[in-house]
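All chains, please: the whole structure from these sequences, using the hints.
Protein chains: 2
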Amino acid sequence: MAPVRNAKIIFNQPLAGLPEPGKTTTYDTSSTIDLDAIPLSGGVLVKVLSLSVEPLTAGLMMGPNKPASIPLPAYQEGQPTFGFGVGKVLRSENEGFQKGDYIVSPVLEHAEYTIPTHLNFLQKIVPEPGLPPSVYIGAAGMPGQTAFYGWKEYSKAKKGETLFVSTAAGPVGSIILQLAKREGMKVIASAGTDEKVKLVKSLGADVAFNYKTTSVDEVLQKEGPIDVYWDNVGGSTLDAALGNAALHARFIECGMISQLTDQTGNGANMKNLANIVMRRIILSGFIGNDPFLLEHWEKEFNETIPKLLAKGELQYVEDRTVGLEHVTAGLAEVLVGKNMGKKIIVVSEE
Amino acid sequence: MAPVRNAKIIFNQPLAGLPEPGKTTTYDTSSTIDLDAIPLSGGVLVKVLSLSVEPLTAGLMMGPNKPASIPLPAYQEGQPTFGFGVGKVLRSENEGFQKGDYIVSPVLEHAEYTIPTHLNFLQKIVPEPGLPPSVYIGAAGMPGQTAFYGWKEYSKAKKGETLFVSTAAGPVGSIILQLAKREGMKVIASAGTDEKVKLVKSLGADVAFNYKTTSVDEVLQKEGPIDVYWDNVGGSTLDAALGNAALHARFIECGMISQLTDQTGNGANMKNLANIVMRRIILSGFIGNDPFLLEHWEKEFNETIPKLLAKGELQYVEDRTVGLEHVTAGLAEVLVGKNMGKKIIVVSEE
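From first to last, the protein sequence lines are chains A and B. Taking full-length UniProt numbering, the leading residue of the first sequence gets 1, the next gets one more, and so forth. Taking full-length UniProt numbering, the leading residue of the second sequence gets 1, the next gets one more, and so forth.
It is worth saying that the hints were derived from the structure and are not from the lab. Some hints could be false.
[Unchecked claim] Label-pair ranges, simulated between beta-carbon atoms: (1) B:296 / A:68: 35 to 41 Å; (2) A:292 / B:152: 18 to 24 Å; (3) B:222 / A:64: 22 to 28 Å; (4) B:69 / A:130: 51 to 57 Å; (5) A:292 / B:311: 36 to 42 Å.
Being a predicted model, the structure only gives us computed values, none of them experimental. Backbone N, C-alpha and C define an ideal beta-carbon position, used for all residues, glycine too.
Structural data, given as structure tokens:
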């Protein structure tokens with residue numbers, strides 16, 4: 001076969017503010033690839049299907065200022081960007097992979113085709129019948145695992161208790177609220193637009209509100225106290241949750257977006273920290289890929305969650321944009337909270 | 001026998017600032033008691049030996065502003081004050097108690113003699129040979145239990161790890177630092193005067209410093225990172241500990257004095273909260289008399305700690321003042337941090 005186009009996203013310059021297509025990155029269509037003949041040197045040729053864009057991606061765009069907490073190298077100027085993605089093996093010279101296999105990788109090149117350098121980053125998946133491969137970078141993948149592992153390890157959820165979940169329309173929060181409803185909890189959910197509030201209600205939240213127009217504290221005073229708080233934001237929302245926590249509440253600290261985006265450097269002004277002692281609250285910080293969490297919960301996740309998603313008993317919410325060229329614009333959307341559920345850039349449908 | 005004096009501390013008026021003898025309370029020597037003839041109505045007559053003064057006592061002096069978290073009634077004007085204390089039974093009409101028994105109570109009247117109204121608050125103790133009864137309101141009593149229960153339940157201490165303990169010269173902190181040393185940890189300890197720093201070093205702390213003259217953050221940067229933080233103060237000290245926490249650190253939240261005494265109402269300015277997520281820290285708030293903690297650890301405490309204290313393998317630090325009339329002045333000392341170890345008012349030596 002003749003060579004075909006192999007478009008790529010090339011990193012141009014470190015972030016100053018929000019990422020901008022054409023400035024932060026270039027959509028480069030100048031490369032071609034001969035899918036039949038290109039040498040694999042013992043590796044695999046992957047057709048990229050879907051890419052995840054998420055706040056972590058922005059961290060990789062910060063050059064020398066990349067947060068040390070991200071265990072990946074910063075993007076290099078003139079080189080393709082990369083991130084979580086799902087693809088299909090077109091050819092393989094490695095016995096671990098066969099033509100037709102689906103793979104996910106946290107460092108998949110933002111390209112139409114790629115020959116991954118480090119095969120140990122590739123994880124083979126067998127999509128549940130009825131479940132698109134893209135779900136394996138969303139509810140059946142890292143965000144879903146983060147939600148499930150943290151929930152199982154730390155929530156100690158009991159029927160009849162009350163959960164408050166922030167960023168409930170996001171890829172993690174939308175799973176959390178459904179897991180809590182399945183356990184018979186009352187769910188209070190916050191999101192940042194009225195459209196997201198509607199989505200969150202449709203997923204089963206008992207109380208849903210727009211935190212930009214409604215006081216978190218007032219809602220929790222009325223609908224709380226809360227037994228479990230799933231925290232994605234920190235700051236004043238965390239403080240309001242502490243102020244409305246029940247005795248022996250469990251706070252699951254999954255993210256603190258408010259602090260990561262704090263430009264003032266002044267930190268968060270917390271008035272209710274003493275409730276940690278007085279109400280005997282446990283706050284558990286975690287990240288989803290901690291080895292001990294995988295050991296405890298990976299098997300149960302793999303055996304249950306993809307099936308529930310395929311049957312529709314758990315809903316996944318994807319915000320899909322078609323076209324590799326939209327990676328950088330999609331990231332900007334996520335950073336200002338415009339996405340509804342998991343933001344997916346579809347590079348190819350199959 | 002002829003009636004004898006029964007001096008009492010009488011509550012006068014709710015706190016405005018620090019408690020003042022003669023203003024907040026009166027030392028009243030006008031009562032007498034006939035120890036042989038006074039009717040007990042099925043109760044017991046107790047000679048008060050030692051009284052505890054502690055921040056909680058100040059809470060009971062706040063009248064209608066008593067913090068709701070203190071599960072005791074506020075002091076009533078014109079009535080005797082009360083608190084944790086140890087006494088000896090002089091006479092008993094109750095089958096649960098005999099002449100010569102030692103008892104502790106959280107609501108022992110601040111008097112020379114008393115006939116407790118609610119016998120269910122009285123707990124009989126059998127002092128370990130060589131251990132003065134007063135230790136049962138200190139290291140062998142509530143503060144010691146608080147330290148032991150919290151340490152056993154939440155520290156997950158490992159040999160070679162590093163502990164940071166604030167208010168290390170206090171009745172709880174001084175036990176914590178010794179428990180940590182017994183487990184082979186490196187101990188960093190802070191206290192509020194140079195004299196306390198000396199005491200803390202004599203108890204075995206590897207690093208001890210005066211937080212009023214030395215930056216907590218600088219010490220922890222040099223001597224950390226810390227695996228366990230025993231927090232008695234909250235606020236900026238907690239923030240510095242978060243900034244210097246090791247991966248998977250455990251923070252045991254025993255008290256937040258800084259917030260309880262915060263007069264501004266502005267709360268604490270926290271810059272390092274995001275480390276809870278990034279360094280996967282668990283913060284556990286607790287109070288020592290939570291029923292589940294008693295269930296887990298009371299037996300082991302009773303079987304081990306008094307013996308260790310009697311043998312001198314654990315040291316208790318008492319700051320003793322002799323004379324019932326010094327209760328209120330002693331409380332003021334505790335509130336400004338003048339006490340070294342557990343503040344005890346000795347009413348009678350036996």
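Hint check:
1. A beta carbon spacing of about 38 Å between residue 296 (chain B) and residue 68 (chain A) agrees with the range 35 to 41 Å that was offered as a hint.
2. Range check, residue 292 (chain A) to residue 152 (chain B): about 21 Å between beta-carbon atoms, so the 18 to 24 Å window is met.
3. The given range of 22 to 28 Å is respected by residue 222 (chain B) and residue 64 (chain A), whose C-beta atoms sit roughly 26 Å from each other.
4. Between residue 69 (chain B) and residue 130 (chain A) the C-beta distance comes to about 52 Å, which sits within the given range of 51 to 57 Å.
5. The beta-carbon spacing between residue 292 (chain A) and residue 311 (chain B), approximately 39 Å, falls within the hinted interval of 36 to 42 Å.
When each numbered hint is compared with the structure, no violation occurs for any of them.
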